[in-house]
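So the protein sequences, as listed, match chains A and B. According to our numbering, the first sequence is numbered sequentially starting from 1331. According to our numbering, the second sequence is numbered sequentially starting from 197.
Just so you know, these hints were derived from the structure itself, not from any lab. Warning: the hint list may mix true and false statements.
[Stated by the list, open to error] Which stretches of chain B does chain A cover? Using the computed rule of at least three CB atoms under 8 angstroms from a CB of chain A, they are: (1) 274-288; (2) 481-489.
[To be verified] Derived DSBU-like pairs (lysine-lysine); straight-line CA-CA distance at most 30 angstroms: (3) A:K1375 - B:K508; (4) A:K1384 - B:K677; (5) B:K584 - B:K508; (6) A:K1415 - A:K1384; (7) A:K1456 - B:K691; (8) A:K1384 - B:K396; (9) A:K1456 - B:K434; (10) A:K1375 - B:K677; (11) B:K434 - B:K321; (12) A:K1375 - B:K321; (13) B:K565 - A:K1384.
[To be verified] So these bits of chain A aren't anywhere near chain B, every CB distance computed over 12 angstroms: (14) V1359; (15) D1361; (16) I1429.
Idealized CB from N, CA, C, for every residue including glycine.
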Amino acid sequence: MVVLASTVVLALVALQTAPLAPGAQSRQVDDAREMTLVLPHALRKGETAWLLVKVGTIGRDQIQIMTQDGRPLGTISPFGIRSGKSAGTYTIPVPEEAISDGRLALRLSVMQSGRALRAPTANEVKSVRLLIRQFKDGN
Amino acid sequence: MPGGLALAQSPAKYRRYNVTSPNGQKALASYAKGVQAMLNLPADHAQNWFRNAFIHLMDCPHGNWWFYVWHRGYLGYFEQTIRTLSGDPTFAMPYWDWTQLPQIPDSMFNGVLTPTDSAYTRYTKDIGTFTSFIQPSLRRYWDRLSSAQRVQLNHRGYTSFDAMWNDVTGFTTPPPHINPENMAFAQTPIARYLTRQNPKLSPQVTYNVSPFMVYAGLLPTDFYDPINQISFNSSMTKSHNTPPSGSNVFATLEGFPHNSAHNYIGGVGPIPNGPWGNMTNNLSPVDPIFFLHHSNMDRLWDVWTRKQQALKLPYLPNAAERPTYEREPFLFYVNSSGQQVGPSIAREFISTARFQYDYEPGFGEAVVKPSSRALKAKHVATVKGLMKGNAATLTLSAGEVNTHLASGAPASLIALVTLPRPTEASPQRDFDVLVGAPADATDVGTDSPYYAGTIAFFGGMMHMPGMSSDATYLVPLPQRKEAFPNLLSATAATKGVAVTIRVVPSGGGRSVLKAATVRAL
């Protein structure tokens, strides 16, 4: 992470980070990579969970993100990326209903035109992070 | 009004309507006249339809914080051009609210409003036809570019005309071949994937433009926040022409509704391997739907700005970063007279007042409401840890610690911890962050009062060129008194609360921490 700023708006943000829980919580199945992220605490009033998904070089392929029970969370579709470059990191809001017992069970798949879904390689999806943010006087 | 920026006055001189409304349909008729007029202009004319699209190919920002403001300027001048060439002095660009209507509006399949119309065939029948038509004039334009413009193009990787033109044809080396992923040109019949018979966005794209996604995209309260990463805007970069790469963070609205609508309209997803339609790449303004799509993106920026104003929150970068944002040069716009706009900077396009327009309310407007509690910005206190033997010791104020520990309150003390990335051969990928733990504690459970979280690396550990050998993570400090054993000492109120942070391999081991700071939010 690059720290570029010395000031941020205060009293607006409560941030917590829940990296992948320890142990073998990430596994590859036939058409997806499955992982379970553990929230540091249950979402409080006004808090929203977000995924930060860092994507490598995937050209025009897309990354489909769902819960393991089939709820869509978003599809990463890189645009404006020069050929051969990494696609960047994407910020995905997580509906509260997608979280169960303090855990978010994810399925990530590569959508390639005209082909079946498959699991992303470690170079295609480089990391997944879960953040909790509270915008106290926001919406 | 920060910095004396003129905000839009209400009512504005021009109103951008939802394309599905009667006024939107009226505007669309004028739009079609303007598009036809631009198609009729010779290739040497700066307002020629395709020449206008090349402004986008040569100068558009994506994945950075100039995304909205650059497109506001581009759209604003284009709107003035259509106003002039259509003969409709009231024209304002309608918007396509894909949240309310997740399919291409039916009228956008009429005549020149689709790039698959026969009117385009004489220019885009095939790459040879297109090259013969546009390349000579474009090369003459290139040869007249200023040194400042060339600097901008160099940021983009366009060090020569041929380097730019390769993004039109998809020509790639080595070995020499055509890469459809990189081909901005689209033949007339496939210039738009969606048709009048098949106008709907896919279920995946419909989710990306859904109410939940759009509301979430409007939720951030920071124009740009590199620390907490959930901002309204994408990353700060050196130049608006810096191509997106691995370090760019795409904000939600740009990364999801914007990107996926672009790609799906051109056929990314359903069409294997490409080539795809215009909307999938940087000649996307060849498809007239581009400007309705970006009118909606611009509308959402306006909604977010007014939400921030209603909540008395900042709607611009902070004071330290704002000059960088505002002084970014935009050097490729063309005005309604067909003249190159003189050197302009981002600041000129922050306000909708620049082009005297506002929007008919659309989806998302509900977030604009006055605040019951005005919030104030204040400085973030940062404490740097003193390193000794891979452990950091920091002294925090007792007040900050008590605020952090207050029952039911969100964590307000956040640590930034730096540790070395595991090597390819390293079996250890998980590390626990311990706060205030006894010096001999090397392994604690997740229910320990000293446990702050686990940092887990997954994926390949191959170090790429330019990649730092260290990684820094944000970790909230535990909200347990045991983690701050000095809080109850007699000197805590006057000398502060000393706290120690270590990062140990999960399962036990010596600390690998390289640096730590704590921020009080």
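So, going through the hints one by one against the coordinates:
no. : hint              : verdict
1   : 274-288           : violated (count 0)
2   : 481-489           : violated (count 0)
3   : A:K1375 - B:K508  : holds, 21 angstroms
4   : A:K1384 - B:K677  : violated, 35 angstroms
5   : B:K584 - B:K508   : violated, 44 angstroms
6   : A:K1415 - A:K1384 : holds, 13 angstroms
7   : A:K1456 - B:K691  : violated, 43 angstroms
8   : A:K1384 - B:K396  : holds, 29 angstroms
9   : A:K1456 - B:K434  : holds, 24 angstroms
10  : A:K1375 - B:K677  : holds, 24 angstroms
11  : B:K434 - B:K321   : violated, 38 angstroms
12  : A:K1375 - B:K321  : violated, 57 angstroms
13  : B:K565 - A:K1384  : violated, 34 angstroms
14  : V1359             : holds, 15 angstroms
15  : D1361             : holds, 15 angstroms
16  : I1429             : holds, 14 angstroms
The structure is inconsistent with the numbered hints 1, 2, 4, 5, 7, 11, 12 and 13, although it conforms to all the rest.
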